[in-house]
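Protein chains in written order, with our numbering: chain V, 1 to 736; chain X, 1 to 158.
Since the hints were derived computationally from the structure, they do not count as laboratory data.
What you are looking at is a predicted structure, and each value in this text was computed from that prediction instead of being measured.
Check each hint, because a few of them may be wrong.
[Said to hold, decoys possible] In the DMTMM-like style, the derived pairs of lysine to aspartate or glutamate whose C-alpha atoms are separated by at most 25 Å in a straight line are:
id: 1; chain 1: X; residue 1: Lys146; chain 2: V; residue 2: Glu686
id: 2; chain 1: V; residue 1: Lys212; chain 2: X; residue 2: Glu79
id: 3; chain 1: V; residue 1: Lys620; chain 2: X; residue 2: Asp121
id: 4; chain 1: X; residue 1: Lys146; chain 2: V; residue 2: Glu681
id: 5; chain 1: X; residue 1: Lys143; chain 2: V; residue 2: Asp637
id: 6; chain 1: V; residue 1: Lys223; chain 2: X; residue 2: Asp53
id: 7; chain 1: V; residue 1: Lys266; chain 2: X; residue 2: Glu16
id: 8; chain 1: X; residue 1: Lys146; chain 2: V; residue 2: Asp637
id: 9; chain 1: V; residue 1: Lys623; chain 2: X; residue 2: Asp69
id: 10; chain 1: V; residue 1: Lys223; chain 2: X; residue 2: Glu14
id: 11; chain 1: V; residue 1: Lys731; chain 2: X; residue 2: Asp121
id: 12; chain 1: X; residue 1: Lys146; chain 2: V; residue 2: Glu684
id: 13; chain 1: V; residue 1: Lys620; chain 2: X; residue 2: Glu122
id: 14; chain 1: X; residue 1: Lys114; chain 2: V; residue 2: Glu686
id: 15; chain 1: V; residue 1: Lys107; chain 2: X; residue 2: Asp92
id: 16; chain 1: V; residue 1: Lys205; chain 2: X; residue 2: Asp92
id: 17; chain 1: V; residue 1: Lys620; chain 2: V; residue 2: Glu686
id: 18; chain 1: V; residue 1: Lys103; chain 2: X; residue 2: Asp92
id: 19; chain 1: V; residue 1: Lys103; chain 2: X; residue 2: Glu79
id: 20; chain 1: V; residue 1: Lys731; chain 2: X; residue 2: Glu122
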Amino acid sequence: MKTMNSRRDFLKRTGLASGGLVIGLNFLQSCVNEVVNIPKNAAPLVDLENGFQAQGALSVTDFLQIRPDGSVFLSLTKYEMGQGVSTGLSSILAEELEADWEKINIKYIKSSVSESDITGGSTSTLLHWDLLRKAGAFAKYLLIEAAAKEWTVYEDQCYAENGHIHQHGSTVKLGYGELVEKVVVPESYQTLFDEVPLKYQSKFKLIGKSLKSKIIPDIVTGKHPFSIDVRLPNMKYAAVLRCPVFKGKLLSFDASDALRIPGVEKVVKVDGVILDAATHIRDGVAVIANSTWAAFQGKLAVKAEWDLGENAKMEHQKFVADCLEQLDSNRGTEILRIGKKINTSEMDQIISYTYEFPYQHHACMEPLNATSHFKGDSCEMWVGTQSADKIIANIEKHLGIPKENIKINCHPSGGGFGLRYSSEYAVESMVVSKAAGGDLVKMCYSREDDIKFDYLNPFELNKHTVGIKDGRPLFWDFKNVMANWGGLLGWMYYDIPNCSGTQITVDGFTQVGAWRSVMANAEGFSTECFIDEVAHELNRDPLEFRLSLLPRNKMVDFKHSYKCNINRLRGALELVAKKAKWGKSMPEDSAQGIAVYPYMHGNGYGAVVAEVSIANNEIKVTKITASIDCGLVINPDQVRQQMEGGVIWALSAIFHGGTEYANGVVKRSNFHDNPVLRINEIPEIEVHICENDETRPWGVGEIAGPPTYAAVCNAIFAATGKRIRKLPIKKSVLAL
Amino acid sequence: MATIRLNVNGIVHEKEMDPNMPLLWVLRDILGLTGTKFGCGIAQCGACTVLVDGQAVRSCSMGVQSAMDKNIETIEGVEATPFRSLQQAWIDQQVPQCGYCQSGQLMNAIGFLKSNPNPTDEAILNAMSGNICRCGTYPRILKAIKSVVEQSSKNNGI
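Same shape as in the complex, but just chain V (with noise of 0.2 Å):
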């Protein structure tokens, strides 16, 4: 555990300041042992609030701030992307604190030191629950002992309701704004903060409700301040022509014609920079005008020559081609070894199949963009990011700046996905900023930049072998080939005694990143559509056979994060199979298939039975029904939105996901070729949420898609007779 320097430190940055009690991160950073990545609060009372002009209000920089006015403001130290955290976090300190949810606000954090917080995993809300409670248990407190003070009488004949301190059988009330001013921090703050009583989860007011989202009445409005949003004085605007190819170079450009047009003011080179296997800032030619309209225009009038290296010699064919000899080599590295070896030939029967998860794009709804400003020796960047700290190193690392001289505006965006965890984007614009001698620029990908300059999801091939034994799976081996990412899961929650695991990595033809649910996108789809293969071949109903392979009260310890609790994915599963009613009569040329999946970044478990029907050759999901146990729910409205929208994405995947690439060039530009699903696509969707006693919350955002795949897949199979092993796959029958 951090230390406070001294009280002095502390009275700084958490008690009175002109703008009511005040709670800087520094102090709960000091304070609170588990979380050790969130941001300093070292950034001073400034003019601009993220990137936009303030009201003439008070700069909030700080984690919690109580006003005089009795508005409450927390700072966002996870990134808003859409998934709710702004809505979920809040209603944690507001439970605790008693506020009123109405005075309750969020500010999104300024970043200057290399500590803010990574998002992702679905693991915001976990992280952060013991942090948010204490805190506002904490100013709860202050406020408590500040009001008994002024009535003299004692703490506990005070209590706390709805923003206000109230005096036990009587009418005698203190708002929060009113108080904030007289609070004072004891010598003991520290214990105090460690030792605060938390309320009991029976007394929850607000936790378990449906309380709505605070960023929705901002973005019906047209005001939620996206970073593509910010104007900032003096800003021009840049576009980059990128290398087509991954690992190219630059050898000429011609901007002649460029700086013709109006508004283009200049034309500079981007040297590129090598961050890691995966990703990297390509070389290009970037284009600075008074427009973005006019940069867009700029970008597509430069000449530019290139060596297009190795890569522009990759065809997919003859790469799935290698990726399918290693699955059959013996390369690789062991990562997963339960149980002993078996010999294969004393086995009844092997059944084995590969299944092949392609390429996706993210294609979030807001292309990527970042403002930067380089002044040699620091420098200031206004960006929707799920890693600011990510950002922070690597200019540091590729641009000298000192990392307590780089200051980060964070901004809530138009979608994550993964793709806004790449810091590459960001990091690019401030390159551009300082091959333009400075100018503070707002660099803006066009769609087509954004989808062929995508950080796509690895390709993966999955190969999986059972033995069975007497009616039952005896080993399960699993290997699996990826795109230029580490990272194979192996999560076998089925009882089989005997396993192993073998990751084999690749290089493939472009640069990869995250992508929702990560790696267990592959590995759900290619477990649960295998599973579904193996109680077909041995005859067993494909709920029936899962549940005898999930034993109760059984926690599997993948060596990750979190244990795989058994109760809680059969939970998941026999929710899903009794709401969906699992096995009823289904209409001809129609059928249902199910799957299940544990989420373990975010020890949270999904379970989805998917109905198809097929007219005239045509594949027509009409029902999904999806369970989830997420542990303790924050707000179950803000559960069932992420997984319908875990639902849909997934279904884009599959009927028309993927990507496709000649010489290297991803063929995809826009949404023309690159669809997502349509609202006139979509099926009837129905989410439940299990009952648990989990007393903590769990992850949410990555748990539909998994399962979401295979039940898909597997009720496509239950009504054609034919099995899917590859996605995407085309609507029509006839093309499976």
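Mind docking chain X on chain V? Use the hints.
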């Protein structure tokens, strides 16, 4: 460069600009009305939808010259119109997640309901199929529009 006069949400703007610039970028970069979003630039996603003389159009694909002297309505102006009921329905149904496509979804829905105040579900789905949402808020968009239609048929109008 040319002097362009635009009437946006009832306010007249007159500025020097490239007359070939799409209305989207004039709204965003020149007039500072950033509620209208850039999504694709080729009228495939609907994020940039605004109303021009009451009709939903993709502002990314309309040159600013063609919008001159017409009545342009953007998301920033909706609160002052009866269609604030649609914004309220978006809040009641908790439609948006990231929210980036929602200005366009709302403007498209307004344009649609102006011409078809009492639509079937199928007509709503068809009318909204040009607006992409990656968060998957479609089921709630449908619910929100239906709730406004139901309310307006009770009240004889929005």
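Please list, smallest to largest, the hint numbers that this structure does not respect. Those not satisfied are hints 9 and 14.
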